[in-house]
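> Add chains B, C and D to chain A, keeping to what the hints say.
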Amino acid sequence: MVAAILLPMGAACVAILVRGYAARIALVTALLTAAVSVVTAIAVVRNGPLEYAMGGWRAPLGITLRVDGLSSLMLLLSASVAVPVFVYAAAHYARARSDERQGADFWPLALLLWGGLNGVFLSGDVFNQYVAVELTSLAAVALVTLGEGDAALSAALRYLLSTFAASMFYLLGVGHLYAVAGTLDIPSLAGTLEAEAASYSAAALITVALLFKSALFPLHFWLPRAHSAAPSQVSALLSSLVVTSAAYLFLRLWTTVFVSVAVPVVGQIIGGLGACAIVWGSLQALRQQRLKVMIAYSTVAQMGYLFLVVPLVTSALSTPGGGALWGETAWSGGVYHAIAHALAKAALFLSAGVIVGAIGTDKIVGISGIARQLPVATYAFGIASMSLIGLPPSGGFVAKWMLLTAAFKSGQWWWAIAIAAGGLLTAGYVFLVLGQGLSQASSDRDVELKSTSKAIEYSAFALAVAALALGVRVAEPLALLRVGLPIEMP
Amino acid sequence: MTLEMLFDMALVGAVVVAAAYAINAPVLIAGVFVYIVFGVLLSLVWVRLGAPDLAIAEAAIGAGITGAIVLDAARQMGMERRRNPRLRRWPGWLSWAATAAVGVIFAGVFLTVSEGRGDLPQRVQAELPRVGVENEVTAVLLSYRGYDTWFEVGVLLVAALGVLALRAPGESPARRFRWDPPAVADGAADMLVPGGILMAGYLLWQGSRGPGGAFQAGAVLAAIAVLLTLLGRPPIARVSDRARDALLVVGFADFLLVGLVAVTLGGALFEYPPAWAAPMILVIESAVAVSVAVTLSLLFAAGGAAGDASEGGVP
Amino acid sequence: MTTFGIYAVGAALLLTIGIRGALRRKHLLRRILALNIIGGGAFLFLVLLGYRESGEAGPDPVPQALVLTGIVVAVSISSFAIVIARRLNARTGRTELPEEGLD
Amino acid sequence: MSQLFLGVALLLVLLLVGGLARVLQGPTPHDRLLAAQLFGTTAIAILLLLAESSGAAGVLDVALVLSLLAMVSVVAFISCSRGRGAPE
Numbered sequence: 000m001v002a003a004i005l006l007p008m009g010a011a012c013v014a015i016l017v018r019g020y021a022a023r024i025a026l027v028t029a030l031l032t033a034a035v036s037v038v039t040a041i042a043v044v045r046n047g048p049l050e051y052a053m054g055g056w057r058a059p060l061g062i063t064l065r066v067d068g069l070s071s072l073m074l075l076l077s078a079s080v081a082v083p084v085f086v087y088a089a090a091h092y093a094r095a096r097s098d099e100r101q102g103a104d105f106w107p108l109a110l111l112l113w114g115g116l117n118g119v120f121l122s123g124d125v126f127n128q129y130v131a132v133e134l135t136s137l138a139a140v141a142l143v144t145l146g147e148g149d150a151a152l153s154a155a156l157r158y159l160l161s162t163f164a165a166s167m168f169y170l171l172g173v174g175h176l177y178a179v180a181g182t183l184d185i186p187s188l189a190g191t192l193e194a195e196a197a198s199y200s201a202a203a204l205i206t207v208a209l210l211f212k213s214a215l216f217p218l219h220f221w222l223p224r225a226h227s228a229a230p231s232q233v234s235a236l237l238s239s240l241v242v243t244s245a246a247y248l249f250l251r252l253w254t255t256v257f258v259s260v261a262v263p264v265v266g267q268i269i270g271g272l273g274a275c276a277i278v279w280g281s282l283q284a285l286r287q288q289r290l291k292v293m294i295a296y297s298t299v300a301q302m303g304y305l306f307l308v309v310p311l312v313t314s315a316l317s318t319p320g321g322g323a324l325w326g327e328t329a330w331s332g333g334v335y336h337a338i339a340h341a342l343a344k345a346a347l348f349l350s351a352g353v354i355v356g357a358i359g360t361d362k363i364v365g366i367s368g369i370a371r372q373l374p375v376a377t378y379a380f381g382i383a384s385m386s387l388i389g390l391p392p393s394g395g396f397v398a399k400w401m402l403l404t405a406a407f408k409s410g411q412w413w414w415a416i417a418i419a420a421g422g423l424l425t426a427g428y429v430f431l432v433l434g435q436g437l438s439q440a441s442s443d444r445d446v447e448l449k450s451t452s453k454a455i456e457y458s459a460f461a462l463a464v465a466a467l468a469l470g471v472r473v474a475e476p477l478a479l480l481r482v483g484l485p486i487e488m489p
Numbered sequence: 000m001t002l003e004m005l006f007d008m009a010l011v012g013a014v015v016v017a018a019a020y021a022i023n024a025p026v027l028i029a030g031v032f033v034y035i036v037f038g039v040l041l042s043l044v045w046v047r048l049g050a051p052d053l054a055i056a057e058a059a060i061g062a063g064i065t066g067a068i069v070l071d072a073a074r075q076m077g078m079e080r081r082r083n084p085r086l087r088r089w090p091g092w093l094s095w096a097a098t099a100a101v102g103v104i105f106a107g108v109f110l111t112v113s114e115g116r117g118d119l120p121q122r123v124q125a126e127l128p129r130v131g132v133e134n135e136v137t138a139v140l141l142s143y144r145g146y147d148t149w150f151e152v153g154v155l156l157v158a159a160l161g162v163l164a165l166r167a168p169g170e171s172p173a174r175r176f177r178w179d180p181p182a183v184a185d186g187a188a189d190m191l192v193p194g195g196i197l198m199a200g201y202l203l204w205q206g207s208r209g210p211g212g213a214f215q216a217g218a219v220l221a222a223i224a225v226l227l228t229l230l231g232r233p234p235i236a237r238v239s240d241r242a243r244d245a246l247l248v249v250g251f252a253d254f255l256l257v258g259l260v261a262v263t264l265g266g267a268l269f270e271y272p273p274a275w276a277a278p279m280i281l282v283i284e285s286a287v288a289v290s291v292a293v294t295l296s297l298l299f300a301a302g303g304a305a306g307d308a309s310e311g312g313v314p
Numbered sequence: 000m001t002t003f004g005i006y007a008v009g010a011a012l013l014l015t016i017g018i019r020g021a022l023r024r025k026h027l028l029r030r031i032l033a034l035n036i037i038g039g040g041a042f043l044f045l046v047l048l049g050y051r052e053s054g055e056a057g058p059d060p061v062p063q064a065l066v067l068t069g070i071v072v073a074v075s076i077s078s079f080a081i082v083i084a085r086r087l088n089a090r091t092g093r094t095e096l097p098e099e100g101l102d
Numbered sequence: 000m001s002q003l004f005l006g007v008a009l010l011l012v013l014l015l016v017g018g019l020a021r022v023l024q025g026p027t028p029h030d031r032l033l034a035a036q037l038f039g040t041t042a043i044a045i046l047l048l049l050a051e052s053s054g055a056a057g058v059l060d061v062a063l064v065l066s067l068l069a070m071v072s073v074v075a076f077i078s079c080s081r082g083r084g085a086p087e
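As you go down the protein sequences, you meet chains A, B, C and D in turn.
Sequential numbering from 0 applies to the first sequence in numbering that gives the first Met the number 0.
Sequential numbering from 0 applies to the second sequence in numbering that gives the first Met the number 0.
Sequential numbering from 0 applies to the third sequence in numbering that gives the first Met the number 0.
Sequential numbering from 0 applies to the fourth sequence in numbering that gives the first Met the number 0.
Keep in mind the hints are simulated off the structure, nothing from the lab.
A hint or two may mislead.
[Said to hold, decoys possible] Beyond 12 Å from chain A on every Cβ pair, some chain B residues (computed):
no.	residue
1	T1
2	L5
3	N23
4	P90
5	W95
6	P120
7	V154
8	A182
9	A188
10	E270
11	A274
[Said to hold, decoys possible] Partner residues are not named here, just some residues of chain A that face chain B (Cβ under 10 Å, in silico):
no.	residue
12	V13
13	R100
14	A103
15	Y129
16	A131
17	L134
18	A178
19	T182
20	A196
21	K408
22	W412
23	I416
Quantities reported herein were computed from a predicted structural model and do not represent experimental measurements.
Ideal Cβ placement from N, Cα and C applies to all residues, glycine included.
One chain only, chain A, in its complex shape (with noise of 0.2 Å):
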């Protein structure tokens, strides 16, 4: 399992060195990364949570890496993310040859952020998951800026300021944590956490630092703009993978150290932002001109379903049998969002930048009759829309199938209208850009078309379809997930 973290690690430094032959690397230490990552999978459903002691010191000591069924599904999702974002990238930095300079730069960025990832998602210590995430931030921002023109660097600069003081928050909550409980190690803060000023303020400092990271309204402004600004291959791993791990952090802390201190009415509140981010994201996404700005803002959306969950699993908490009867399917039906969306923008971004490479504008007007010129990259894009709709049988039904029922089941109906709201505007905007891409109305452009590589264009077809198959093989994904829940529910 540590193996996910030291073979991008070790390869990113192998890439510096011989830039030349980055690409491959970065390939191969995909695949071996997946099959680590599957290995671990395998072992955590035998054999339950696993533990690793960083240098032999026990916590509180010491720092303890572990795998639950979450972290392992993160691991998975992570994997399969990354090699088709891989093979993209490698396929697009060998076409194009102006841009050779910027894949040296990219792939010792890219290895360094899966890394990173790979470290939120095992570690089982507060400061560790601190230095982590700032590891990730910074390798996004890095990889934000090999966008193009004035517009990447101002995204690039908002992001990182953003992130520094959201980080220095985080910083300043760990010491929080320290002060009243007197370690790092998450187990032994959980239930530790008595009623006091610091413990809340605790809480307070991590969430909101976490909810900037992840983008959840208000504090999305610097998503649209760094994540349409990078080039596709980057925008797909940081919409995919790096706002959904600073929710997976959220998720992860709320369910373990802050049970104790968690309110009923923080929960709603949450729970009302996400509520809002999903129909201002939506709406803003309708109105949006240029292809990426749309997707990046349906991003700012699809978190706000992620955080749903939070006043549905705090309300299960409270309530006996709460946890048997929608808990845990809020949960499920949250971690499952965040997989069914990770693969589905990753799909989306991949296929944009298909169709705006060979077009050369990402106006959303300028696709008209794309369809028949690349088919694939447009059943990509339509697929991945129908898991982001929740169209059955993807995995976005299925996730927002089981949030519905916990909402219902526990009696707090209004989140399911936002949950509706939400899948008919977003299947406003993306029947927009499928409507134009159907079109046969232009077709004096079909000559400039610049030509496509095969890898480029399966590469987002195997998002799509790995999106669409979340729906269709549900149990094994929920099995793995229920070895060792985090959260004891009543």
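What follows is chains B, C and D alone, placed relative to chain A:
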């Protein structure tokens, strides 16, 4: 009211005043100077709170690197004179009320916390013989929480890679300051170079016993490199791109390799066998010091690479 | 008031000054300085946790190690931010981030 | 004896705060620079006094580092005021 408390109050007052002026000074360059002073004052605070390791790091980074970085940036971006534009989202009284509320809440919460709880300090001390170093801070950094520190070296590496990625095609990341430095500065620098290297070596070696360590040593080396860069002799331009990349990555890679060696010796990752721990930690620290030095000096040297082409071309 | 209290209030003031500055100043360099001052407040709070008023037990090294890591992270982030800000300034002449609009 | 040292250190800190006014007033950048440099020197003096009064290890090293690197920001400042267009 003892004398100690008066001293503490005066010091805290100075730090707070410096912080407020650094942001609010009407002239940018004055704010930057006060910010440098803020760093120096903060290192006095660390000394008072019994954290000399931090004080050395803060002094080296603040006086040697950050100071030069912000001054150089202020030169480029400091066309703002007696004007310090601010956002006026809220009416004045409301923003002051919010500010006061935030301050009171923070102070209120901080005052409820007393010294840290738990027995971690005792555990740190109890296991010290197995770590191989006497300095507790170094023990936490390199052994108990060595994995964190490896990631932290990774953060530095990412910053360096980010800066390298920003450069324009064909541009060298090491810019040359074209000016006629006064002869006295040149001469003084010549004397400071061996002094700085000696100091860095001392801090590195000292780190296992007393205050000091890889970051402090690296920061001192970087400060010397910054000085030479300012005088038009950037050390980083003397090495090839490939060698520079190798120096940047050596800390991160060497840390990992030593960690893996520990695995082959039958331990967990980063688990140094007690007999070998001291030399292994020193090997890691030396490599980390080199990478810290190269990274920090690169962060300065690359700063204005594009801006300097159009010297003062800012409207 | 104890030594702890004096420095605790100092940390709170630094955080407040930094947050206010980061929200209200537009000049990029000032914003970056303000964020570093927020960092200073956070570091001060952490170091304070390890401080021991009585002389018998030495200070807790764990928060000190955390702060050293934090300082290095903050220096990396803020220097990188300054490099990007200078690039942006050299290319566009701006000393502030554009307010609204995605183009 | 340690109380005396501490008292002097206190005085120096107060002096420092007074010196901030010079940095802010200027009027020329060179006034600011000299005042800022004065802080470096004062800080070294405070460190030496603290080292004597507390006897803690490593305090002298801090003073040593500060004195070694005091020159860097001076040169940084001169380079920008002389080499290419003063900032003001």
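> Mind verifying the non-interface call on B:P120? Its CB should be farther than 12 Å from each CB in chain A.
Its Cβ does come within 12 Å of chain A, the nearest being 9 Å, so this is violated.
> Beyond 12 Å from chain A, beta-carbon-wise, is B:V154?
5 Å, violated
> Quick one: work out the minimum CB distance from B:W95 to chain A and report holds if it exceeds 12 Å, violated otherwise.
21 Å, holds
> Under the criterion of a CB-CB separation shorter than 10 Å, is A:R100 in contact with chain B as hinted?
6 Å, holds
> Under 10 Å, Cβ to Cβ, is where A:T182 needs to be relative to chain B, so tell me if that hint holds or is violated.
Holds - the Cβ of A:T182 comes within 10 Å of chain B, reaching about 6 Å at its closest.
> Was the hint right that A:I416 lines chain B, CB cutoff 10 Å?
With a minimum Cβ separation of about 31 Å from chain B (threshold 10 Å), the hint on A:I416 is violated.
> Measuring Cβ to Cβ, find out whether B:A188 lies farther than 12 Å from everything in chain A.
Per Cβ check, B:A188 is outside 12 Å of chain A; nearest 31 Å; holds.
> Measuring Cβ to Cβ, find out whether B:T1 lies farther than 12 Å from everything in chain A.
Holds: least Cβ distance 25 Å, greater than 12 Å.
> Since B:L5 was said not to touch the interface, does its Cβ keep a gap of more than 12 Å from each Cβ of chain A?
27 Å, holds
> For B:A274, which was marked as not at the interface, is the minimum beta-carbon distance to chain A over 12 Å?
For B:A274, whose nearest Cβ neighbour in chain A is about 14 Å away, the distance exceeds 12 Å, so it holds.
> Regarding the hint that A:A103 lies at the interface with chain B, is the smallest CB-CB distance below 10 Å?
At about 9 Å, which falls below the 10 Å cut-off, the nearest Cβ of chain B leaves the hint on A:A103 intact, so it holds.
> Should the interface hint for A:A196 be scored as holding, given a Cβ-Cβ cut-off of 10 Å against chain B?
Holds. Min distance 5 Å.
In this structure, the earlier hints numbered 6, 7, 10, 21, 22 and 23 are contradicted, and the remaining ones agree with it.
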